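Student: So the chains spell out like this:
2 protein chains.
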Amino acid sequence: MSFKEEYEKKVELIEEILKKYLPVQEGYQKIITEAMAYSLMAGGKRLRPMLMKESFDLFGGEGDLIDPFMAAIEMIHTYSLVHDDLPAMDNDDYRRGRKTTHVVYGEDMGILAGDALLNYAFETACVAFDLEPEKSTRIGRAMKILAEKAGIHGMIGGQVVDVKESGHRISEDVLDFIYRLKTGALIESSVMIGAVLAGASEEEISVMESIAGKVGMAFQIQDDILDITSTTEMLGKPVHSDEKNEKTTYVTLKGIEESRKDVERLTAEAVGELDGLGRENEFLKDLIKWLVYREK
Amino acid sequence: MSFKEEYEKKVELIEEILKKYLPVQEGYQKIITEAMAYSLMAGGKRLRPMLMKESFDLFGGEGDLIDPFMAAIEMIHTYSLVHDDLPAMDNDDYRRGRKTTHVVYGEDMGILAGDALLNYAFETACVAFDLEPEKSTRIGRAMKILAEKAGIHGMIGGQVVDVKESGHRISEDVLDFIYRLKTGALIESSVMIGAVLAGASEEEISVMESIAGKVGMAFQIQDDILDITSTTEMLGKPVHSDEKNEKTTYVTLKGIEESRKDVERLTAEAVGELDGLGRENEFLKDLIKWLVYREK
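Chains A and B supply the protein sequences, listed in that same order. Counting in numbering that gives the first Met the number 0, the first sequence runs from 0 upward without gaps. Counting in numbering that gives the first Met the number 0, the second sequence runs from 0 upward without gaps.
For the record, the hints were derived by calculation from the structure and aren't laboratory data. All values reported here derive from a predicted model rather than from experimental measurement. Be aware that one or more of the hints could be misleading.
Copies of one chain are not kept apart here, so a pair can be met inside one copy or by any two copies together.
The calculated DSS-like cross-link candidates involving lysine-lysine, where the alpha carbons are at most 25 Å apart (straight line), are [said to hold, decoys possible]:
no., residue 1, residue 2
1, K18, K44
2, K98, K18
3, K3, K284
4, K143, K19
5, K29, K143
6, K288, K260
7, K260, K246
8, K29, K246
9, K19, K9
10, K288, K253
11, K253, K18
12, K284, K260
Please build the complete structure, drawing on both the sequences and the hints.
Tutor: Have a look at this one:
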């Protein structure tokens with residue numbers, strides 16, 4: 000099977016898990032479950048649950064203990080997009096080629112759908128306690144990583160500085176902070192949770208965190224490059240949005256060529272560290288490399 | 000000590016716990032920690048953490064295992080207020096006599112501060128796993144209750160229907176649904192978590208849930224009554240806001256007199272069920288009764 004075929008098969012499995020863990024659409028509050036499904040099932044690369052599952056497999060994890068956390072991380076990623084798109088934030092009407100959640104359901108429901116997805120992420124992760132109660136300590140640790148990496152010392156922290164500095168010229172230091180937190184933290188959390196739930200050693204968990212940090216940075220720089228070099232049709236979202244929002248990006252600070260080199264260097268380092276673990280995972284390596292060459 | 004003195008002493012202890020669990024105000028993202036503290040430390044009755052602690056004590060809970068959950072439930076309550084006050088929601092500029100979070104920090108930071116408080120609630124609750132790792136199963140269950148009662152089948156579900164039906168004439172059925180979920184669910188979660196962490200029996204947990212459901216309903220009806228009968232100075236927030244927002248309330252459906260009677264009946268029932276548990280807790284009984292007579 001080619002990488003592309005394997006990747007698409009894995010995406011299908013993830014979509015099934017997401018559908019399984021989405022709330023039933025019923026009751027007086029049905030509209031919110033529709034808005035949650037609308038935003039969560041809008042496609043996307045499913046990179047975070049995929050990395051989580053690959054990390055779980057890498058360390059010999061078995062069974063479905065990882066499933067609720069895979070759904071949870073994608074719900075957290077999705078809620079952050081729903082709130083990012085709001086009029087008071089980036090004010091985007093389209094994402095992944097479809098109208099954004101608040102455009103379809105109204106601004107009030109956009110706010111509540113984001114809240115609902117964030118809350119439901121933790122509700123979903125808690126299912127793991129029922130699946131394998133004897134692993135409660137391990138699940139508790141995974142829960143803590145999930146919360147920490149999504150919060151003010153993780154993703155939200157990055158968003159805050161991103162929003163605060165929008166329209167200002169910022170230093171490389173601040174940009175690095177934003178990227179590490181806004182994009183890197185959830186990717187770190189994905190592979191760390193996979194490793195923790197599979198019973199990896201402290202050292203292994205720490206190596207996975209380092210790999211993910213580099214992958215996250217490479218991924219975000221590639222995003223900046225695509226915002227300049229791609230088209231709206233290809234990307235499924237408006238290009239040149241950084242320019243429109245007067246954002247300092249990796250590309251505006253370092254230029255396209257150096258940005259491309261850094262993506263390649265970070266990716267090579269991540270793959271090297273992965274090799275150093277001495278465990279077989281061709282697909283995970285290919286997935287990381289693919290990030291450099293992706294076109295959307 | 001009078002009830003009032005005892006209550007105020009308990010509020011002080013809760014404020015100390017909240018301060019202890021608030022994030023340090025530092026780093027590039029400092030503004031979000033300031034906004035979190037601004038909204039969380041704005042006063043308020045601290046009813047939810049107080050009920051949680053009383054329930055924990057009622058079932059012989061010892062030590063500080065309950066503390067992170069007390070902070071967590073108040074963070075969840077607070078985030079819901081911060082998002083409720085946003086321009087796209089209730090559009091309120093004042094709460095508890097102070098400017099609302101988005102008025103002080105901007106609408107974007109208002110959204111992010113709410114997100115941050117919700118996420119930090121779970122991050123904070125996870126501290127319990129470190130405090131008493133041997134109780135991980137119990138803590139996992141408390142975490143699940145926290146998430147479920149705050150989510151689409153709890154508080155958020157109630158908010159969704161409340162927002163959706165605003166300006167419409169609604170049935171008693173729908174109003175009951177909104178009150179049980181929007182207000183009742185977090186109060187249920189408070190006493191249930193206290194009971195679970197203290198090691199109460201399934202039956203005891205279930206009785207506490209029933210008591211809290213009645214207390215929550217009485218509390219919300221009293222809120223409707225005060226919106227009509229109180230003043231902005233007394234309440235620390237605008238009165239007649241329900242009228243302004245064309246909201247159907249318990250008072251518009253049943254009238255003030257029947258509303259008052261129902262508050263008293265529900266309170267008497269709750270106190271009766273509490274007595275039925277055969278455990279001493281004079282303060283908890285007084286607290287429940289006080290809800291009927293409170294003026295703000």
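Student: Failing hints, ascending?
Tutor: 11
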